[in-house]
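Now for the letters of each chain:
Protein chains: 4
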Amino acid sequence: MKKIKKKVNVAVIGARFMGKAHSNAWLNVARFFDLPYEPVLKMICSRDGEDYNKNFAENWGYAEHCDDWHKAVDCKDIDIIDICTPPFLHKEITIAAVEAGKHILCEKPVAMNYHEAYEMAEAADKAGVLHYLNHNYRRVPAVALAKNIIDEGKLGEIYHWRGAYLQDWAMDASIPLTWQLTKELAGAGSHYDLASHSVDLARFLVGEVKSIQAMLKTFITERVLPGESEKGQVSVDDASFMTAEFENGAIGSFDISRMMAGRKNYNYFEVYGSKGSLVFNLENMNSLQYFNADDPQDLQGYREIPATLTGHPYMSAWWPPGHIIGYEHVFSHAVKDFLDALAGGNKIEPNLWDGVKIMQTLDAAILSDKEGRRVNVSEVK
Amino acid sequence: MKKIKKKVNVAVIGARFMGKAHSNAWLNVARFFDLPYEPVLKMICSRDGEDYNKNFAENWGYAEHCDDWHKAVDCKDIDIIDICTPPFLHKEITIAAVEAGKHILCEKPVAMNYHEAYEMAEAADKAGVLHYLNHNYRRVPAVALAKNIIDEGKLGEIYHWRGAYLQDWAMDASIPLTWQLTKELAGAGSHYDLASHSVDLARFLVGEVKSIQAMLKTFITERVLPGESEKGQVSVDDASFMTAEFENGAIGSFDISRMMAGRKNYNYFEVYGSKGSLVFNLENMNSLQYFNADDPQDLQGYREIPATLTGHPYMSAWWPPGHIIGYEHVFSHAVKDFLDALAGGNKIEPNLWDGVKIMQTLDAAILSDKEGRRVNVSEVK
Amino acid sequence: MKKIKKKVNVAVIGARFMGKAHSNAWLNVARFFDLPYEPVLKMICSRDGEDYNKNFAENWGYAEHCDDWHKAVDCKDIDIIDICTPPFLHKEITIAAVEAGKHILCEKPVAMNYHEAYEMAEAADKAGVLHYLNHNYRRVPAVALAKNIIDEGKLGEIYHWRGAYLQDWAMDASIPLTWQLTKELAGAGSHYDLASHSVDLARFLVGEVKSIQAMLKTFITERVLPGESEKGQVSVDDASFMTAEFENGAIGSFDISRMMAGRKNYNYFEVYGSKGSLVFNLENMNSLQYFNADDPQDLQGYREIPATLTGHPYMSAWWPPGHIIGYEHVFSHAVKDFLDALAGGNKIEPNLWDGVKIMQTLDAAILSDKEGRRVNVSEVK
Amino acid sequence: MKKIKKKVNVAVIGARFMGKAHSNAWLNVARFFDLPYEPVLKMICSRDGEDYNKNFAENWGYAEHCDDWHKAVDCKDIDIIDICTPPFLHKEITIAAVEAGKHILCEKPVAMNYHEAYEMAEAADKAGVLHYLNHNYRRVPAVALAKNIIDEGKLGEIYHWRGAYLQDWAMDASIPLTWQLTKELAGAGSHYDLASHSVDLARFLVGEVKSIQAMLKTFITERVLPGESEKGQVSVDDASFMTAEFENGAIGSFDISRMMAGRKNYNYFEVYGSKGSLVFNLENMNSLQYFNADDPQDLQGYREIPATLTGHPYMSAWWPPGHIIGYEHVFSHAVKDFLDALAGGNKIEPNLWDGVKIMQTLDAAILSDKEGRRVNVSEVK
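Protein chains in written order, with my numbering: chain A, 376 to 756; chain B, 376 to 756; chain C, 376 to 756; chain D, 376 to 756.
Excised from the complex, chain A in its bound form:
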């Protein structure tokens, strides 16, 4: 018989794309996974207006809705605050929330810069709460499988990382100057939005970046202000190309852009080691390519592993082998692991400290671009 579980109350801040994806994860994770806690959708907070929030709450089954995130922080009943806002709000919400004793899920990029991230992580640790940063692609089964393969030594010594995160939506010059294209609200453009994911995966699979050099570029420099006919200056990058040396001696690249015609959500990486290599592409996220240099000489080749097989990370919860999962399932994996960590008193990765390292790397890259030189990540402090 199913055990009666302790409930944990969740408030989600932000009710757009990420608010929807997180709500879905909180709702369906208990249907598919065996959990130590039963998550309850207690409160949705967003600045999208009363009607929007009411509908959102009804749709996803939230008990309450409000337009001010402070209410969630102040609410005694809330155990977990899940931050799905633009980056400029992350620090303020996080610090208020952890000081109120709430556990934290935070969307990426973690903050507006390295220093904000550091403050957030320190505050969370001081408060003794669980904190998780939603670089969710670590929990794509194919990526988790890649991590297992590397940890088992199957790639040997790592020589190279080749990462890319390519989209094409910013090519449309008629797109207005939304928060994503505004430095004051997003911190940076593709460099924070997309590169943060790629750097997270590189750190996950290869290790810390030691030094970096970067070229950032804005191709479309003016855009219409939202709801107006006037144009304003785009204050963030459209593209960021970087090369990096890792602490373990590997060298690698990050090609990041939102101006890549034909690429929709092409979060791609290759990892090369002395014994083999791996290739992953988020647009075909249910498979992983693996080259094993120990295969017999005449039978060597990249094999395409469908990451839907018995024994693959997270997959036993879903459907039989060969039945793929979609984009949003990965959020359920994150929520599941978060609740497990909460129950076990363990940490979870990536967390705010990973955010600190990611921002340190990305800010070193910004410095490199500005000064036209190779920058040690440790220079950012």
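Do not rely on the hints blindly, as some may be mistaken.
When chains are identical, the list treats them as one kind, so a pair holds in a single copy or across two.
To be verified - Distance condition first, Cα-Cα at most 20 angstroms in a straight line; then the derived EDC-like pairs of lysine to aspartate or glutamate: (1) Lys650 to Glu425; (2) Lys639 to Asp670; (3) Lys446 to Glu467; (4) Lys745 to Glu622; (5) Lys529 to Asp670; (6) Lys585 to Glu746; (7) Lys466 to Asp669; (8) Lys522 to Asp712; (9) Lys382 to Glu746; (10) Lys380 to Glu433; (11) Lys429 to Asp443; (12) Lys650 to Asp673; (13) Lys722 to Glu597; (14) Lys529 to Asp669; (15) Lys639 to Asp669; (16) Lys650 to Asp670; (17) Lys417 to Glu439; (18) Lys745 to Glu620; (19) Lys529 to Asp547; (20) Lys722 to Asp423; (21) Lys466 to Glu532; (22) Lys606 to Glu658; (23) Lys522 to Glu622; (24) Lys639 to Asp673; (25) Lys380 to Asp426; (26) Lys745 to Asp500; (27) Lys381 to Asp452; (28) Lys522 to Asp673.
Just so you know, these hints were derived from the structure itself, not from any lab.
Go by the hints and put chains B, C and D onto chain A.
Only chains B, C and D this time, still in chain A's reference frame:
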């Protein structure tokens, strides 16, 4: 503001793989789609025992559970009966349900043979209820897109169909003699289980089959009886290879087997016409390949369309372009269209009459295999 | 130091596509391979006219040219006759040539029907000459590798063959009624031209076909007579779809057509066994896909082997690993093996007896199509 | 009737991998293409010893052989000198040859550094001879097609280049310290050997590089001296990762390494513009991927164009559509264009001045790596 919707009460019969997939669809469809009715999970019926059913009901939020499907049929409150049992029960449940005025969703294969299917369809029509047969792959966005392309005339006159449905689970000789491998419970093996899907897609995209010839084969002829050490005779096919002539003059093939090492859920087709062709593979279900013979001569080639773009069938409900959906989303599409049809007083396809045509085609193939000759589908009557 | 080699004199009959490909092979094979004989291009015979032949001879370095193949047969100096004519001439030339003691290379399809093929093979054996039938795709390195993998038992017991040979040139209704589209000159259409290759590969990799059923079809039934404005009847098939049972119990399919938009030279096969499977596509002929069911469960997947690696058949003669070969190299492999067999006094495969078996299979399929029944290959005699 | 052609006499210097590939090209180009001159293989010069040279000459039909390239330069009969030696000899041979009035084909990388390249180009122009630098991948039909697509404006404004040239042979630590791994003989490692190709393609397709930043790395720092048991220091890079800004504003990357397990000859690029994008991979060199942003919204996707179709560059000389060519055919295309330029009194590209620009770019990258800063290409002078 969200409109208050009339509720419709659903009973699901069968609580294994399909019961889970259908429950999930009923539950999440209202979160993503705008529906005319709000489906309520009223009752789950299965013969898996009290504890199993209780857990299943709790997990998916069913108000009631029982071990006898007659209770669902007899229950006044139930509007829709969703049949997820093995095929040998489909006819009995369907006829009882429609006579009780219930609307019907029925899993595939529709029945144990052509005659059963015919009885079911007649009974449903006589009762005036809505009926839907869950050949769900029509509602994969890439397949719905294929249908649009063909209907717009972009392939011209259709010359060829090349269908395959390949799996490899039956290669494991230690798998016991479950209902899937027993003629009395499943009707046939891969020929009903998998070929029914491929024939449905061929009828959807090309048209009716006129004549057919087939070779069926059982490779592993004995298997251990479930829970016993003794072996029993496998009474169904492992593989079914067919060639077919369509009423519109196209000729095609169906390669069907559960003995194909490396194929997990490889429901694959190619359609060729005078102006272009299409290729689809369920294992990579979020894309469709399209060859346009009207492209400039030196720029012709198969293009891989990610079926996640703005304007693609069903996709606006889910995530932004480039974010893929998984296997189970297709069930949500079916449920959504079912509820729309119910509200509009329209029919939905495929329905029990499609099941009749599919079974007629499959039974013609069985006759062909038996008699070693080409059989007109109309001979089965 | 290079050894002085005995020369062998070659006459090629036919100076179009195949004449060109064979001439190139005879010319370049000695540059790349170590051969027991040095082939000398002695004579080109074709009915393309004096000027054409003279140019052809000059271009490829033939000592002589003529418009009558009997001159080659009558010429004492000629050791090898290489037949590149349309099929309706194969029997007559072959029998004359072998009776004159010439060794034979013959293009495919071997003949106009099973009986012609049988006569040819008997005559060649009686004359005691070496004979080779140019189903050259056996000597694509990736296909030779496939054969090795199967012979080493790596696929286990073979369950299935899935062959296809798809082109699209016949879709162009303005193509005139050339010999390829005329039964009296070609014997059959795609069924002889393309299916003969696919049946050869199936026999090579799986074994003999025991029984077969087929559907042949002509989509464009009338075409302009060459150089005229009048139309004539197309007397051959555009497409041939077959299912087959092999003597070893495997069942398989052959999908053959010249009406497949987007397919240029798509000679494709899949072979499935109890331990793995293989996939090959001539359009990407420098690679072979291999699925090994003995790989660790969570690392299983099709691996794409570049058939250009050290140790791969024929490849050491060409370029370093990763440097691909083209379509015509395969003819060089055939010529090399032919000369080796000649020097060693061995037979070579495929030869005219393989042609006999292929024609028996194809003619059984024609009978099946005509009579609408499954035909045992042994019925053709 | 074939016209009698003026003969041009060719001397090839170097008789290893490149000597073989060039000899084959000179020999077979006249069989497939209509040429203004008939090339005659007059002399092979190499330091591989009398026996080796004699065999090589016999095999490829050279009239003479020698061990001193000065003989070729001094020989009045020689019209063309084709330099296939390691880079450290390029300058000396080129300058001597052009001063003797010979036309020049030169293998890549052009020289040991920018200054040598500049001297060579100046000397050749001063001598008024034709010079060609063999960055042969421009003449892969798929690459030539890419160039056409870009020149026709089909990609619009170019935003991004993503180039890579990946091999894995240097991963084998037992490979001795050959000339390729010695700075004094090769100039640099992967950075000259492979990056020169990728930079050539970037200049061909996108334009000149304005500024660059690079990280070079040697992973295996000691190797056995050839034929000895002692080890020596590897003096060249194994890998070179670069980001670049182009003069037209595009930004791009070059990932270059000989330590990439599973990659044999992976010369790969992507070009992205405002209207579409292209993808090419030398390991699958007979196809080009093309994304057209002007396709109807719901039918957009990368199309894989088989670069073997009617109208594709160079392909009419070879085989029918769908029949692929191999690695060495591209050398024939170069020789063909060289002879055409010679007859027409035109220049050919790439030539030694392209070599100058490539070396300037690569040497700027070396400076960047050394000084840890972004370097303008114009700083190298």
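Hint numbers the structure violates, sorted upward? Of the numbered hints given earlier, those the structure breaks are 1, 7, 9, 13, 20, 21, 22 and 26, listed in rising order.
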